[in-house]
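What follows is the residue order along each chain.
Number of protein chains: 2
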Amino acid sequence: MAQHFGNTIGPAPSVWSPYDPPTSQPRSRPMPAERPREHAPPVAAARRRRLRADRARQLADLLRHQVLTGGFPGGVLPLEDALGQDYGASRNTVRQALDLLRAERLVERQPGVGTVIVAEKYPHGLDRLLGLAETLHEHGRVTNEVRTVGPVPAPACVAERLCVPARSDVLYVERLRRLGGLPLSLDLTYLPMDIGAELIGADLENTDVFRLIEKITGQALGTAEITLEAVNADAHSAAVLQAPRGAAVLMLERLTQLCDGRPVDLEFIRFRGDRITMSGQLRRAA
Amino acid sequence: MAQHFGNTIGPAPSVWSPYDPPTSQPRSRPMPAERPREHAPPVAAARRRRLRADRARQLADLLRHQVLTGGFPGGVLPLEDALGQDYGASRNTVRQALDLLRAERLVERQPGVGTVIVAEKYPHGLDRLLGLAETLHEHGRVTNEVRTVGPVPAPACVAERLCVPARSDVLYVERLRRLGGLPLSLDLTYLPMDIGAELIGADLENTDVFRLIEKITGQALGTAEITLEAVNADAHSAAVLQAPRGAAVLMLERLTQLCDGRPVDLEFIRFRGDRITMSGQLRRAA
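Protein chains in written order, with UniProt numbering: chain A, 1 to 286; chain B, 1 to 286.
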């Protein structure tokens, strides 16, 4: 079958698609040059732009996986022509796909070298409850800038989740966490005061709170309820994280319990979207 | 203890914090009015802005949880004064926190009503492998606009992951998925052709691909490897999802296997960040 990847949007006539009715264009030919044509009817031009954008997204998603999983030896992507051949895509589509990856700060074009991987994106496991330093130990040293630490009266919603009386003190800790010196996440943490009081003097700069809790309580952590969201960083959070305003942030809310079921750690974590991926395995069976 | 939540950033003198040295200001008094003061030294003014922004973020995170979990009966937030009292925060901090939630399109200010919840954000489980219609069935009907469906020669990286010969045909499906009529996600899917050929004629508009695969193969799905990221939507993806350009997108890459371990479904899914949360439980023990 001679069909090219770059043509996958135009389905075979036997295939139903409400938006891409078969055209008279041969399916095995790449799309014509994608520069604007002065005399093309506006609808046809818009359709061509959409097709090209769709193809660029498809290609970008495939390349993104390889970029993030070490699929390009030496950290350099093949030349545009080679990529086009490998994926059956036109040069314009390849360029547009690389533009998408550049916009995400995963790759850069370096004169005389080509397109190189500049992503500093690290995997965080979703399969086990681990602190940041534990999970990223292979990738470098995690250091924490403690922006704030001190007791606060627990707002009702914090008190309820940590099972302490409303308005009783809890320890509030705010940390900017770095990997290899670059900001990775901004963590807001609430802990019950019996554990919190001992945390205050601990080495919060170099140690995960998880480890410290286990040391202080002499108990292992058990489970955590987590919620993940993608949000745009507000101006101030972006500035703290040294990311562009509006940058995509992976927001993690996590309530962690000790083995015995006692909730001991409520966290609101903003990960820089360009520095973290979360990976895990899901099972179909309940 | 009379300390207010709004003051939590200024730690007690016994508490170490490199950025908030104790000031002469009594800790039990709310911060003074936060309007710019003409004669304040620039450093003090900058510090005050930072403190207010930090407090607003703290408060916004607590309110966000309640907004998303039905913590405000009737979908209306308490008045600003009441919120200020509940959280020991100044009115300016409350306003700034509500601004953050508004920017995320979680709440709106309605004249004569107050601050109302407008979030249409739905929970997607991370504990079990479920299709979108399965997981969201309580929240409304999922419909799929099939933008493309048809065979394509598998690029090497797709062939490898689906365990089919390189350049052999796989089925490519592109769907815009809606919940309650509004775009929720854009899904790019690759399937081996023996399953894909039967999918072409199936009711892709109203049925999860997961269900169709199980029906076609007569086998239950087993596990899936997933990777989650937060990215900013490119212009074209944003337009398709009817989201603002640059909107935060929760990107899910998922390779799903049948019970017998055969990989049958490779997906690249862009969820609108303002419409989905992912929740699950993590365990500490390996």
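These are calculated hints, taken from the structure and not from any lab test. Do not rely on the hints blindly, as some may be mistaken.
Per the computed footprint, the stretches of chain B lying under chain A, defined by three or more beta-carbons under 8 Å from a beta-carbon of chain A, are [claimed, not checked]: (1) 49 to 59; (2) 79 to 93; (3) 107 to 116; (4) 225 to 233; (5) 246 to 253; (6) 275 to 285.
One-sided excerpt, in silico: chain B residues whose CB lies under 10 Å from chain A [said to hold, decoys possible]: (7) Val43; (8) Glu120; (9) Pro123; (10) Arg167; (11) Asp260.
Predicted model only: the values in this text are computed from it and were never measured. Just so it is clear, CB atoms sit at the ideal spot from N, CA and C, and this is done for glycine as well.
Verification of the supplied hints:
Given as covered by chain A, the stretch 49 to 59 of chain B passes the check, having 6 residues with a CB less than 8 Å from a CB of that chain where 3 are the minimum. Given as covered by chain A, the stretch 79 to 93 of chain B passes the check, having 3 residues with a CB less than 8 Å from a CB of that chain where 3 are the minimum. Coverage of a stretch by a chain is defined here by at least three residues with a beta carbon nearer than 8 Å to that chain's beta carbons; for the stretch 107 to 116 of chain B and chain A the count is 0, and the condition is violated. With a cut-off of 8 Å between beta carbons, the stretch 225 to 233 of chain B has 8 residues touching chain A; three or more are needed, and the interface restraint holds.
A stretch counts as covered by a chain when three or more of its residues have a beta carbon under 8 Å from one of that chain; for the stretch 246 to 253 of chain B and chain A the count is 7, and the coverage holds. Counting residues of the stretch 275 to 285 of chain B whose C-beta lies closer than 8 Å to any C-beta of chain A gives 10; at least three are required, and the coverage claim holds. Hint status for Val43 of chain B relative to chain A: violated, with the closest Cβ pair at about 16 Å, above 10 Å. Checking Glu120 of chain B against chain A: minimum C-beta separation of about 13 Å lies over 10 Å; hint violated.
Checking Pro123 of chain B against chain A: minimum C-beta separation of about 8 Å stays under 10 Å; hint holds. Contact between Arg167 of chain B and chain A, as hinted, is supported at the beta carbon level, the nearest pair being about 8 Å apart and thus within 10 Å. At about 12 Å, the closest approach between the beta carbon of Asp260 of chain B and any beta carbon in chain A exceeds 10 Å, and the interface hint on this residue is violated.
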